Structure formats: C-alpha cells, structure tokens
Amino acid sequence: MPVNIAYETKIEHISILDEHGNFDAGMGEGLIPNDDLVAMYKHMMTCRHLDEIAFKLQRSGRMGTYPENRGQEVPSLAAAYVLEKKDWLVTCYRENAGLFWRGLPMEKVLLHWMGDERGNHIDECNVTPLAIAIGSQMLHATGLAWSSKYKKDGAIACTFFGDGATSEGDFHEAANFAANLDLPVVFVCQNNGWAISTPTKLECSAPTVAQRGIAYGMDCVQVDGNDMFAMVKVVRDAVKNARDNNRPTFIEALTYRLGDHTTADDASRYRDVEELEMWKKRDPMIRIRNYLEKLGLWSQEQEDEHLKVAAQTVSEVVKRAEGIDAPSATDFFDSMYTDMPKQLKLQRQTMRTSSLGQDPSQIPVQAPASEGVVQ
Amino acid sequence: MANLTLVQAINLALIQEMEKDDRVLLLGEDIGLNGGVFRATEGLFQRFGADRVVDTPLAESGIMGTAIGLAMGGLRPIPEIQFEGFMGPAFDQLTNQCARTNTRTRGGLTCPLTLRVPVGGGIHAPELHSDSPEAIYTHTPGLKIVMPSSPYDAKGLLISAIRDPNPVIFFEPKRIYRAFREEVPEDEYTVPIGEARVVCEGEELTMVSWGATVIQCMNAIEASGKNIELIDLRTINPFDMDTVAKSVNKTGRCVIVHEAPKTCGLGAEIAAGIMEHCFLQLEAPVQRVCGFDTIMPYYKLELDYLPDAERIGKAIHETLVY
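Chains A and B, in that order, are what the protein sequence lines are. So the first sequence is residues 1 to 375, counted in the numbering used here. So the second sequence is residues 1 to 322, counted in the numbering used here.
Just chain B, same shape as in the assembly (with noise of 0.2 angstroms):
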C-alpha cells in the first residue's frame, strides 16, 4: 500500500499496465520529457522510450485518429488530450470515426484505446481548460466514459480501461488531482466499467454525483447531519442506473449534483431514469445542482459557477421537506 494522490494512481496504472503489456503506448502532447501538463505521464518517457511514450505535434484530431489507427493495428494506444477544452478538434474523429468503429464493420475491427482527458473546473485555469462535456460524448453510442473521484477508483478504473476491448474516455478531475491522498495496493487490481460506488449508505435521501462534486457532496452530507445515500457513479456511461433505482426506491427522494450545464446534462438523463424506475416509491421531486446553460465563467467566478456544499445543502433540505 502507498498513500497516493489521484494523479500519482493514474501514474501508477500506466506504469504496471505498460509493464505487463507491450501493446500499451502512450501518445500526447507534451506527454515525454515533460511529462505531461498535470505530471500524470512523470518519469515514464524514461522508463520505456520513446517508442513508447511519444510526443506528437500539436493537432488533437491527429492525436485521435493516429490512435484509432494504432488501436486498428492491434495495439493498446493510450492518447491524451491536455484539457477537456481542446478536444472540440477531436470530436470528429472521437465521435464519428472512432465511437463507430465496432459497430459499422460489425465486430470486424474494433477500436480499444483510452482517451486521457483532464476534465472540470476550480483550479483557476485559463478559458478553455475548465469545461465538465461529459454529457456530449455520453450521447455518442459506442464510447464509455468513466470519471474517478479517488486515488483507488482511479487506478482501478485507469487498468480496466485500458484492458477494455473497447474506446474508454478516461476523464480525470483536475481539481482533486491532488486534493487529498489514499491508501492505493502495490499490487494490479480493477474496478469494473458500469458499476457505481455507493460512497456512504442513508435512508433519508439519495445523492447521485462523480468527479470532483463527490467531495462537495461528502462535505454538504456532513453538515447537513441527515441520513444520506451518496452513490459516486464512477462511470457515466454506461452509467450504473440499477444502483441509482435500488437506492432512490429504498429512500423515495434524490439530489442529482454535477458541474456541466444543466440543461441535458447527465443528471437529465438520471431523472428520466428514475421516473421510469422509481415513480410510484417517489416522495418528493428529483432535484438537480449543477452548472448553468452558461459557458463556464473565468476563473473569478468559478466558485460561483461551480456546486458547493451550500448549494447542495439547500437541496437536501428542500427534498427532504417537501
């Protein structure tokens, strides 16, 4: 066991997962010598090459289409994209090209790579480097899309990515990239794609969120001093909607929190699903504290922008009132 920060259980992942497969090789930006913005490929050019661990121009559709590629070719290609902003000149490629793979040869070539993207806002970043699109690609069939909220989940979700035989995005919370430490095991073990996390059990209440907004949520939890269930999703698609229904039949009510906009963000989709799951056991309406339908403000008023405890703390106590 060693204590970790998330970015250090990603780097962690990457090294063990490229130790024991040879097809594994990372492609990115600024990913070698310096490795990477966020430090999360650190150390890694030295260890295994520059075959391995390769820098490319600065062009985010190159980067992606390369990997589909090098993914067709057979290989375990691992890109990055520097900031959840840029990947707009990928979005061809991610959504169009790479998503479609599998299904329109009909299993004859499939595309299993792990997208690498720093993801959401509270780090005082510049425009474009703050952005939560999660539910964009969510609404791309054929992608999977996982968002850890911890050092352990993060590199137990990181290794089933890469092993997943099909295209991952690997969405990594900037903000509590290196928030707060935990015990991550030495040795290689996964957390399964499409499983929630149920954080702490309630009975009062169900909280839904992933990324960075659990740690708001565990905080909003404890000062509110109620009975809460808090499920950390983990994967936001295919998201886990049976431990969302098994929950919100068990407590009748449910607080959605995540950062992207309101308007078709996930927690949308997750109301939908609970008035298709859970309507007859519902005691009060689903609540959503999320970002606005506005672009993500610069970084002055971030925090404005952003959910916070006092935020959520007002919709736990509307929906257990109501």
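Bound-form chain A, shown alone (with noise of 0.2 angstroms):
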C-alpha cells in the first residue's frame, strides 16, 4: 500500500519591525499612518507609566494583587485599534492597552485591583471585564460572536488569553465550536514564555503554540506580538475573514512579560536574569519610539512632555479610583439577582443578627431580637 500524504500545512512567523529597526516596507508601508503609531506610541507610555504606579500603590498597600502590563502593550493595542466599535473585546487580565483604547476607563481597571466590583460594570464599550479564571472567557467570546451572527449585526468578537491558557478544555472547546459553527472569533494568545512560573514547553510540546488550531480546521499564523506594524497586519486579516467569512483565525502573538507575574510573585525563582535581559532589548517601546525618531515624528522633546501629560493623566485617574464612595455594606447582597429573593432580603435586612433574628417571633422574650437590623 502506498503511503500517502493526509495533509500538510505549514505555520507562518509574521515580522515587520523587528527590534533591530528592521523594516518590510513590502508588507508594512502603509498598514498604519504615521499620526496613529504616534497616537498609539503615546497610549503605550500612559499604560506603562500607570502600570508602574499601580505596582507602586500596590506595594504601598493602597491596592490589592496586581498584574503588570509592562512588555505586552502590543497585542491587545494593535486588536483594540483594528476592531470596530461594535465588536467585542474579550480579554484575559494583562490587555490594560487595548481596554483603554477601547475607552474603558482607565480607573476601572484600578477598582478591579483595588477589590471594588464596580470597576467590572462597564457600560463605556464593548469589552468584558477582567477574566481571572484562565481561559473561561474563550467561550463567552465564542458566544458573544454566535450571537452577534445570529443577530446579523456585523460584529466580531476577539479574545486574549495566555500560552498557558492553551492547556485548559475550554480553548478546545471554544477553538472547536467557533470553527465548527462557523462564528467570526479572533483567538489571540499572548505567548509570554511562562505560565506563572510554568514554561510553555510544559504547555505545549508542539514546535508553536499557532498549531494547535489546525486541529480545529482554522487558520493559523505566528507574529512578533512586540511589533505593532505585524500584530495589525494579522488581526486585520483575520477580523476579515471572521466578518466576512464567519471563520475564526488562531493568533500566536510572542511577547513576553517584563515584570513578575503579579506583585504576589518574584519571577526571579524561576527565570534566567539572561532571558529576561535579552527581552528587554526587545522591549515594543524602544522600536516604535527609534522608527519614528527616524522618521522625524518624534523627539526626546516630546517624549519628556508626554511623560508629563501621562503623570498627570494616572495622577487623576488614581485620584478617581481612591475617591469613589466606599461600597456599602448591603451591596453584595443587591445585585446577586436582579429581583432580590425574599429570603436573600431576610439576610440582607438581618445581617447583622443570628438566623433566629430572620424571625423575631421565635426568639425568647428575654433575648434582644431587633438588634442589628438594616433597613
């Protein structure tokens, strides 16, 4: 019997800035106007300078576990710059840049952090919040765009996760229905190296991590996830063929994080000082900042002026987050349904008291029964 070949297929690395200052003109020449890659370059150094502060209010005690941002501006900036407005943004918890852009207030993302439900209600965009379980949020993006077919409103949805997120079934499961039900989803890992202190060779022992679509008969690409020119260049390919062809594309962006994990971890004790060394040379910043001085669209100048507008931006966003009301004591009981039960309104009101003080009548004359009770 002659032994022939069942399918083949190959996985494309996409480069386009590389952190030498490289340039494919072929590929990258007008893929963003030079006014946007300012406009996103300033965007970059305000999500970093309140990273930096949100570490520092962290450590300071004013804010809970934080994850930073610093060394992945890229891929959630390139995806949130290609969607529409009506398109769903369905991130992880590392993609502050692309959730800004999108115009989530920036002191929501903080109130998160600061362990205050109320930066999840977002009503700004279309963006979920904070997904915190890894790789729950692959299916809502799923269904978010198997709605938005449903609906025929021309609406995608594009999801972030992480390389270790890869190993959960639900990116399986998300992975199978949107490419087996046809439904316009852009998968976008964020392949950082590490999952917490997990290498992704414990994750995936396949030669990339962009393979794993082809199991689910979709496309699938690799990028420099630290180039922004070749991170837009594949989103936009692929938010077309979801709009237009209701398929979903698997996105291997490589990117690393330049910080621990959260403030609750020291990546010192489990990665080499070398491979972080090398990472920061590779830092997204530096090679949009060097292309445009090149250009002679930015210059030290304007760096140090907008490192000022930036201070002055997190300044009042920071002001914002610690300013707000403090909850109320009752709010978590108010919005577990959106008709309180009678009996979740008995706690509500006796929260205070023991369960005999939910009925008075039971409670023996000589025991105080009123006591604690909110109104």
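Each hint should be verified, as a subset may be incorrect.
Said to hold, decoys possible - Over the 12 angstroms line for every Cβ pair with chain A, so calculated as not near, a few chain B residues:
| no. | residue |
| --- | --- |
| 1 | Glu17 |
| 2 | Asp30 |
| 3 | Pro133 |
| 4 | Ile136 |
| 5 | Phe180 |
| 6 | Glu183 |
| 7 | Glu186 |
| 8 | Ile193 |
| 9 | Ile215 |
| 10 | Glu222 |
| 11 | Tyr322 |
To be verified - Cut-off 20 angstroms, straight-line C-alpha distance, at most; resulting in silico cross-link-like pairs (DMTMM-like, lysine to aspartate or glutamate):
| no. | chain 1 | residue 1 | chain 2 | residue 2 |
| --- | --- | --- | --- | --- |
| 12 | A | Lys56 | A | Asp260 |
| 13 | A | Lys151 | B | Asp51 |
| 14 | A | Lys151 | B | Asp55 |
| 15 | B | Lys246 | A | Asp359 |
| 16 | A | Lys345 | B | Glu19 |
| 17 | A | Lys342 | B | Asp55 |
| 18 | A | Lys342 | B | Asp242 |
| 19 | A | Lys152 | B | Glu19 |
| 20 | A | Lys342 | B | Glu19 |
| 21 | A | Lys342 | B | Asp22 |
| 22 | A | Lys151 | B | Asp22 |
| 23 | A | Lys345 | B | Asp164 |
Just so you know, the hints here were simulated from the structure itself, not pulled from any lab data. If you're wondering where the values come from, they're calculated on a predicted model, not measured in any experiment. The beta carbon of each residue, even a glycine, is placed where N, CA and C say it ideally should be.
Given two chains presented individually in distinct reference frames, assemble the corresponding complex, making use of the accompanying hints.
Take a look at the structure:
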C-alpha cells in the first residue's frame, strides 16, 4: 500500500518591524498612518506609566494584587486599534492597553484590583470585565460572536489569553465550537513564555502554539507580538476573515512580560536574568520610538512632554479610583439577582444578627431581637 | 386544553416561547434532527430551522460557556445538558461564570439563560444518568432552580424561566416525563418562580417534596388515610419558606422527601428553616426520607435507593405518633 500525505501545512511567522529596526516596507508601508502610530506610542507610554503607579500602589498597601502589563502592550492595543466599535474585546487580565484604547476608563481596572466590583460595571464600550479564572473567557467570546452572527449585526469577537490557557479544556471547546459552527472569532494567544512559573514547553510540546488551531480547521499564524505593524496586519486579516466569512483565526503572538506574574510573584525564582535582559532589548516601546524618531515624528522633547501628560492623566485616574465612595456593606446582596429573593432580602436586613433574628417571633422575650437589623 | 405528558408540555412551552420571542434559541447535543434523546425538542428543528435549534459539538462546558456569551449578547439561549450526570464538565462555567455574571458586574451584564437538564432516577438508565444534584447548585448563589412535578407546572415554570432575567436551571424529572397526562392549557400562562404549590391541604402533618417524589408522596398519603398537607416546592432556589412555615406552624409536624443524598440535601436546609420559623410549634422532630450518602446505584438496586411509598409511609406514621 502506498503511503500518501493526508494533510500537510505550515505555520507562517510574521515580522515587519524587528528589534533591530529593520522594516519590511512591502508589508508595512501604509499599514498604520503615522499620526495613528504616534497616538499609539503615546497611549503605550501612558499605559506603562499607569502600570508603574499601580505597582507602587500595591507596594504601599493602597491596592491589592496587581499583574504588571509591562512588555505586553502591543497585542491588545493592535487588536483594539483594528476592531470596530460594535465588536467585542474579551480579554484576560494583561490587556490594559487594548481595553483603554477601546474606551474603558482606566480607574475601572484600578478599582477591580482594589477589590471593588464597580470596576467591572462597564457601559462605555464592548469589552468584558477582566477574566481571572484562566481560559474561562474564550467560550464567552465564542458565544458573543455567535450572538452577533445570529442577530446579523456584523460584529465579531476578539479574545485574548495566554499560552498556559491553551492547556485548558475550555480553549479547545471554544476553538472547536467557533470552527465547527462558523463563528466570527479571533483567538489571540499572548505567548509570553511562562504560565506563572511553568514554561511554555510544559503547556505545549509542539514547535508552535499556533498549530493548535490547525486541529480545529482554522487559519493559524505566529507573529512577533512586540511588533505593532505585524500585529496590526495579522489581526486585520483575521478580523476580515471573521467578518466576511464567519471563520475563526488563531494568532500566536510571541511576547514577554517584563515584570513578575503579579505583585504576589517573584519571577527570579524561575526565570534566568539573561532571558529577561534579552527581552528588555526587545521592548516594543524601544522599537516604535526608534522608528518614529528616524522618520522625524518623535523627539526627546516630545517624550519628556508626553511623560508629563501621562503622569498628570494617571494621577487623575488614581484620584478617581481612590476617591470613589466606599461601597455599602449591603452592596453584595443587591445585584446577586435582578430581583432579590425574599429569603435573601431577609438575610440582607438581618445581616448583623443570628439566623434566629430572621424570625423574631421565635426568640424568647429575654433575648434582644432587633439589634443589627439593616433597613 | 390538551391532555399532555410532562415532556409534551415542555415541548409546547418551547414552541410558544420561540414563536413569541426571536431571541430564544436552543443549543445542545442531539437536540436538532433527533429531537433530543428524550424527544423534548421533537419537531423544533423542522419548525424553526438550524439557526434556532443548534446541534453542538459534544462538550458540556462549551455548551454552557457559549450560552453565557449568547446571553451576554442579548439573546435568550436555552442550553440543554443531556443528563444531570454530564453537568460536571459544565460546572465551572455554570457556577463560577454564569451564576456570578450579574453580581460581579454590579448589574452591568446579565445572563438570562435557561439550562434544561433531565434529572433523577427510576428509568433503568446507565451510570451517571440518574442523579439528583439540585442541592449542589442551590449552594451556588446567583442561580435559580426549578423542578416541576406535573405537566401543567412544567409548561408554566419553563415559560417563567425563559422570561426570567436571571440564569435558571430547569430540572426535568425524567421518571415522570411520560408517567401520566394532565390537562394543559393551549394558551400561554406562567407559574411563578419561588412559589410552592399546596398539592393537598391537611391538618395533621406537612410533607414537603419536589420533582418525581411528589408522586410517591401522594401515593403514601393515600395509603395512610391521614389528613396530610403536601407541598410541592416546585422552585428549589429560592424556595418558598413562607408556605412551608405556614403549613408546619399549623400542623406542628413535617416530613421532607427527596431523591438526593441525605447529608446537605435540600431537606437539611428546609429542616433548619423550620427550626428558625416553627420551633415553638413543633410537636415532633422533622423527618427526612431521602436518598442515601452513597452514589446512585446501578439500576438493579435503584428502587432500593429511591424513596418509595413504603418508606414514606413509615415516616408519616412515626412522625404522627411521636
């Protein structure tokens, strides 16, 4: 019997502006108008400054655990730049740059990490709240894309997750649903090499994470995730494929978190200094700045000037996040259901009493019955 | 009026709500051309098309998780999990995601979906096709849970569930899918979530049950010849403590019957509620006739596990003579 090849494929790696400043004009020319790139660079500066301040807020006890975004600004910002207003951006928790570009007020993310659910109440734009349980959000994005297809409103959903999340069953179920039901989803895996302390090779022993998409019959591509031009190109292609053909795409964006996993982590326990130093040279902000300076679109003066603007912006954001009224002690009852069940109402009213306080008629007369009743 | 079985009443409710509201769509395994393994969605694929009755890949977390996205997107999805034993893979999406959506966004996003799941034993089914996990989900704040025991209630409760802006688990007791028929109005009507039904009034003893065991309770009451009040809870969460307390304050005695394991079953919560609301009126300890703290046995022994009229009759007698 002859041996035939049943299926053969290849994974492309896309790079347009590399860490040495080499620019592929053939693919990159006209991809991002200069003004837009300047605006994106400024946005990244502001986001990076917010990241530094957020870290300090945690260290000084003014905020809870926080995951630094530093180094991973490009993938989500590129996606947010490409998406239309009606589209959904469904992220994990290291995509501040994209969320803020979409219009999510920065103080909402700070509120989230300050332990306040009001940071998750989002009316401003089509983004979902930060997803803390790894991999849970990809199915929601798939469902949101499905709802858009059903309603024929032309919107698509773009979802973000890490390399570790591709080990979760929910990733595979989301990919399978999206591909088999022809749903307009863009899956973006930010492969930063580490799932807390677990290296990517323990999550995926294939040469690329991108090829996981092949098993589901969807287009897949690997891209330099610290290259704004390449990211914009692959997301734009994927969004077009979703919008025009209802087909999902899997994008593996190679990037790196320059900080620890969160403020509760110490990456020096598992990462080599050499690796970190190598990736510091690949910092996406360095290469955009060099590119802009070469074209005469950016200067040290502008850098200094915008740093002041960023500091002012972030200072106001922190003021708003810290200045919000304290939540009421009964808030966690109030949106448990859209209509509060009677038993829950009773618990709310008597939250400072024992359970017997919920039916004062059962309490013997000598015991105080009404203390702690909340109106 | 039509004389319908419980599964036919479910089918009718689905048809009527799908005709009324374009946002309603069904998703699940084998629910399309096949009409569902219990035929609850019989004919709906032909009637409403493949966009509204969607056969999905075989993946319960996928069904649950995409249903959440559909609901967030403004639709009213009705996902089906084929048997309660297969809810395990969907547990994370159901409890950690779906149930929390409204409160963790402080009302910014809601998750109005109705999860339909056949539940309970008594049909000689294979392993993991006969369990009663309602207490597990009752312990998850944010979900509403209903379980009808009659065709009339099945239709009315399902319509209420579909229209409810919160996620609702609609448990369908498979043992009585086709056990009997009942007059069910053609016109739409709702049975409110959170309200129990007094099946029969009585003065000597209160019995509380839900789902298929309501029928066993009726048989036991008839055999006892006693004047017993039977309450069909209908809604498991939030359950109607007012109706239970009112009845027990009248009778002073209570027997709770359910298929699920005894420890931390809903009977425990009801008994504790009775302590809080009826202690001074109690004439006897509250009794529970339940499944046991074992797995649901394979079907050769399932009738030894399930509460039957004989066991219930003993509890009635002991509680009355106490």
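Cross-check of the supplied hints:
| no. | hint | result |
| --- | --- | --- |
| 1 | Glu17 | holds (16 angstroms) |
| 2 | Asp30 | holds (15 angstroms) |
| 3 | Pro133 | holds (20 angstroms) |
| 4 | Ile136 | holds (18 angstroms) |
| 5 | Phe180 | holds (31 angstroms) |
| 6 | Glu183 | holds (30 angstroms) |
| 7 | Glu186 | holds (29 angstroms) |
| 8 | Ile193 | violated (9 angstroms) |
| 9 | Ile215 | holds (27 angstroms) |
| 10 | Glu222 | holds (32 angstroms) |
| 11 | Tyr322 | holds (21 angstroms) |
| 12 | A:Lys56 - A:Asp260 | holds (14 angstroms) |
| 13 | A:Lys151 - B:Asp51 | holds (10 angstroms) |
| 14 | A:Lys151 - B:Asp55 | holds (18 angstroms) |
| 15 | B:Lys246 - A:Asp359 | holds (13 angstroms) |
| 16 | A:Lys345 - B:Glu19 | violated (35 angstroms) |
| 17 | A:Lys342 - B:Asp55 | violated (38 angstroms) |
| 18 | A:Lys342 - B:Asp242 | holds (9 angstroms) |
| 19 | A:Lys152 - B:Glu19 | holds (19 angstroms) |
| 20 | A:Lys342 - B:Glu19 | violated (32 angstroms) |
| 21 | A:Lys342 - B:Asp22 | violated (31 angstroms) |
| 22 | A:Lys151 - B:Asp22 | holds (9 angstroms) |
| 23 | A:Lys345 - B:Asp164 | holds (18 angstroms) |
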